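*Asks:* What follows is the residue order along each chain.
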Amino acid sequence: MSTEAIQPPTTSIEFDYKHGFHDKEKAAITTDPGLSEKIVRQISALKNEPEWMLELRLQGLQAFESRPMPDWGADLSEIKFDDIRYYVKATDRGAEDNWDDVPEYIKNTFDRLGIPEAEKKFLAGVGAQYDSEVVYHSIQDQMAEQGVIYLDMDGGLREHEDLVKKFFAKMIPVNDNKFAALNTAVWSGGSFVYVPPGVKVDLPLQAYFRINAEAAGQFERTLIIADEGADVHYIEGCTAPVYARDSLHSAVVEIIAMPNSHVRYTTIQNWSNNVYNLVTKRAFAHEGASVEWIDGNIGSKVTMKYPAIHLLGEGARGEVLSIAYANSGQHQDAGAKIVHAAPNTSSTITSKSIGNGDGRSSYRGLLKVDRGATDARSFVRCDAMLLTPESRTDTYPYIEIEEEDAQIGHEATVSKIGDDEIFYLMSRGLSEEKATSVIVTGFFEEFIKELPMEYSVEMNRLIELEMEGSIG
Amino acid sequence: MSKTKLLEIDALQVERESKEILRGISLSIGHGEVHAIMGPNGSGKSTLANTLMGHPSCEVIGGTVNFSGQDLSDLEVNQRANSGMFMAFQYPMEIPGVPLTTFLREAMNTRRGEGNEIGVREFRKTMLEKMELLNMDPAFASRYLNQGFSGGEKKRCEILQMAMLEPSLAILDETDSGLDIDALKIVAEGVNAQRGDHMGVLIITHYQRLLTYIQPDRVHVMVSGQIVESGGPELALKLEDQGYDSYVNRVAEGV
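Those protein sequences? They're chains A and B, same order as listed.
Every number in this note's numbering is 55 more than the matching position in the first sequence, counting from 1.
Every number in this note's numbering is 1 more than the matching position in the second sequence, counting from 1.
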């Protein structure tokens, strides 16, 4: 069938020319819509992958096909799997799409956030190049001296096959869930990070810098390995809305934190509001290690994301701090999953969500203390704030405790933004929009203060933008 | 003296939750004057304060209010503030996650307008000076707005905001309630430091004691949504002595 063929779009050269790219040798490669074994094999062949990776992909495909759609969480019935292109070579994306097709609201937001021209195009999915190579390479050099490996996932597989083979799909098995299985079958891009024992990476690693190297994509796959005593902070995404032509984003992120290491993974995602964002994230924390997921979800049509931490070694610590902002037409089904599987482990989950318009946010969390995990301590807090009577919030906290001495705290609040608070701030001269955004920013403060400076500034500006037009 | 009054209230009638609370209030405050409105609970004093500031629950059904020559009904709450009106709240709101400094600088800059923003250092210096005057721990600057503040701390924080925003009219809505005598003196000092030709004050209070420390030019007695007597500072002392009973009875008989 022709739909299964991988063929260069005939117009790609013209588009390349139009956007000022003259690399005629580079053929654009995109699979036709739909998914089949043949397509999976072709993706693997295109990347010259080892046989075992192809095997994994095929297992992924099988698991994806055999598993039913989740019957819980958000409504996914409108995803049209047959319409999706499962592989688009990242460097060709800009050549295919047109800046003129990017919705006005996205462009306006870029302007208001002050996003540089080159970055705009990348974020809008119409720019193949992002001019950060220089910055990226200087960071690369510094890190290389310390033995840190920071590559895109395809590069990681090529250059460090042994490490990848050892850990890939070990935290999140191939058949873990339908969308992780899909990712395993068709993954492309994402990051591979290895930090050697005792090495502390001072600057946060930002996926931003690696945009040229197929960092982003619909089915990105990230693997972070922190060896004993290592310390690393990885940041993905940015506050600007990312316009995706394809409506399904299904990423997988795996982290392994070896004894006494520390890994923080910060995400800020602001997908355009046509995107189903279905992401599986899981970390294993060994003895004395600590893992933090700092997770911000702003855009998309539907998000389902529950960053997980398995505390496998004594004294391991896990933290999930997440925010979700559900505007009209959006459903943010987000939360966290923590498994205490060793003695003397501790965890905290903090979830803050805001509903605006008819937006809906749900907190869905699992806290589990296994038998043998004595002296476990955990505190779960979820706060929701509703800006409109039409917005909605739900909480689904699941707690399974198999050790009697576990100390578990759980707290949930729902608040409405009140006339009196708005009146108070307006009586000091703030407009109604400004007053609302001040309250919302305050509500997200715990999250924002964990972000590096430039991100927190952007985040504040973004909240202001989101409030504009939502009032009056 | 300027020809236009700072505040001119004429036959003001106000409903709250479909109930008429203010029944024809007339009152005028000149620039730099300090007026006190005293009255028993439920007389409508706080409704008057909230109506002036523009609380959405206060519906003006009759009369007019002129503030610095502008018809108040044309102005949103924030426009009133930016025209120089300030209200110290009886129950200041707690706004979690919003540091006092951040908020105050935002408010000041909104007031000053684009291109005329106050520098970070100048702001900080001014703020610390005013805080010292109000005997506030500088640590409050980085605390979240009113969150976890005691009643007295909240009231001092209101006066701090007043001192920073330099309004032309400050409305103090029961600022003395819940304050011990030391806190009351500090708050009064804060107001006195500020009063003068450029700031008029409308003090809303149940008790006379705040007026011992802030000498009013005029005192008005409000009962059942009407002003039943006006006079000089001596009126406050008379009320302290005799209470509101005679006024309440008179109004009850008159109805």
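Treat the hints loosely; a few may be bogus.
Claimed, not checked - Derived pair list, reagent style SDA-like, types lysine to any residue, alpha-carbon separation capped at 20 angstroms:
id, chain 1, residue 1, chain 2, residue 2
1, A, Lys489, B, Arg17
2, A, Lys356, A, Arg140
3, A, Lys471, B, Pro97
In short, the hints are calculated from the structure, not lab data.
Note that the coordinates shown come from a computational prediction; the quantities given were computed from them, not determined experimentally.
*Asks:* Now look at each hint and say whether the structure bears it out.
*Replies:* Consistency of the hints with the structure:
| no. | hint | in the structure |
| --- | --- | --- |
| 1 | A/Lys489 - B/Arg17 | violated (27 angstroms) |
| 2 | A/Lys356 - A/Arg140 | holds (19 angstroms) |
| 3 | A/Lys471 - B/Pro97 | holds (13 angstroms) |
Figure legend: structure checked against the earlier numbered hints; the only hint not met is number 1.
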